[in-house]
Amino acid sequence: MLPLLVWLSPAFPVGAFAYSHGLEWAVETGQVKDAATAEAWLADLLALGSGRNDAVLLAAAWRAAAATDDEALCGVCELANALQPSRERHLEATQQGNAFLLAVRTAWPCAAVDRLAACWNGDVAYPVALGVAAAGHGVPLGATLEAALLAFVGNLVSAVVRLGPIGQTDGQRIIAALVSEVRRAAAFAEASTLDDVGSAAFRSDIASLRHETQYSRLFRS
Amino acid sequence: MLGQSKPDVQAWAVPASIRARGVIDARFARTGRGTQAMALREAGGYRLKFPKAAGCEAVLINTGGGMTGGDRLDVSLTLDAGAEAVLTTQSAEKVYRSDGSAAEITVAAELGAGARLSWLPQECILFSGSRLRRRLRVAMAEDVTLTLAESVVFGRVASGETLGEGLFDDRWEIRRGGGLVFAEAVRLDGPLAATLARPALGGGARAVATVVHVAPDAESRLEDARAALDGASSDCGASAWNGMLCVRFAAEAPAVLRADLARFLSVFRSGPLPRVWQC
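Protein chains in written order, with my numbering: chain B, 1 to 221; chain S, 1001 to 1279.
Hint data in this document are derived by calculation from the structure and do not stem from the laboratory. Think of the CB as a built atom: it goes at the ideal place given N, C-alpha and C, for glycine as much as any other residue. Careful: at least some of the hints might be erroneous.
[Claimed, not checked] Derived contacts from chain S toward chain B, CB cut-off under 8 Å, selection only:
no.	residue
1	Ala1185
2	Leu1201
3	Val1208
4	Ser1239
5	Ala1250
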């Protein structure tokens, strides 16, 4: 499981710090304005938003890669790209996924990642890339899901800290408080199939649309 | 005089033997006199009417007046190369309280080279306790112009209905030239009011809408789309990527969302909406 600590560290060159997932707009409008509202927003993404969907997609990619089922893997790649709700979320998912695969192919080569490159020549969304690399290095699915979702939360908490409404300590409290939600979402995804893809994060999706025309921006999404 | 009693929504649940299975299967082709319906099959209480002499504008009518658990509607549309059609519905589609099973709607569209389809149904109203599973699948040629607008209202807001348990499971897949370019998967299952109250989910919204416009010039129309949202009271925004444009709306008041969506569509499409939208 050690590769997860490296791959999901902020030092791994995927550029995660550049994306707020629409939170920059949610902070601008006051939808996220303190620790409680930030925690609630992120809990929603884990329960019925992008966190949940990314976990389902990661699990499907892990299984397809572990089974060397190229057709299924291409189906996951295609669906993960098509599910992005806006231009910026599409960018966030695919830029990080492409960058992750580039770094893994260079520093952590494995057959599963080579196989993905051979069967799919389009963009690869980040959760799909993570799932394939984890399967390729024999990292168990359950641990990968928990670590990926915790990193998702950590990155967005870091974004909210940089945007101002909460401090570092509040940020750490939110991450700790969301561990149980992370575990729940990971357990759900571990037993899921692609039929379980589904969300209801209407406000989060609209925030990513509105972010495109936000006047002053720190983040690319 | 006795006060008017509220209708007992339970009474609308009907036994499986008389549940409806609606079918609309239509093929449109370009002719010397514009686009015409070349083949049309209607069953199970659904009809397709063509109220206008000019242009191909079709209105889908549910003579049963709504759907309940176990009812099905399968809509299949084929537009041959160059055909142009606008489809809407006569009224909002009401989905009544279910006794457990879901109502199912499937819309499948196959769009040939250069075809233009606007799928602009009026809103779907999910009554408290209703269960709806909906699938929308489009297979289109590369140069097709497709405009889809779907809106959903959660509960009979105007009559103050408390929204209880329910299911809304909605999946869209749009394939262009064989490849999946747009997918949407909405899933609300369980206590809808509590879910819709959550900040990143409904944020208190009781009505949502999504418009997807896929066309060769879709991305160049982003500024038009944003201008068409000017003055909207709903929470809404537009984005364009990969030859598609997407607009999303959420509002607490369904009437506000409907007005914003109608204004957006008439400005963005540079023409009035089908007449049925105006009453």
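Going down the list of hints, with the structure as the test:
{"no.": "1", "hint": "Ala1185", "in the structure": "holds, 4 Å"}
{"no.": "2", "hint": "Leu1201", "in the structure": "holds, 5 Å"}
{"no.": "3", "hint": "Val1208", "in the structure": "holds, 5 Å"}
{"no.": "4", "hint": "Ser1239", "in the structure": "holds, 4 Å"}
{"no.": "5", "hint": "Ala1250", "in the structure": "holds, 5 Å"}
Checked against the numbered hints above, the structure breaks none of them.
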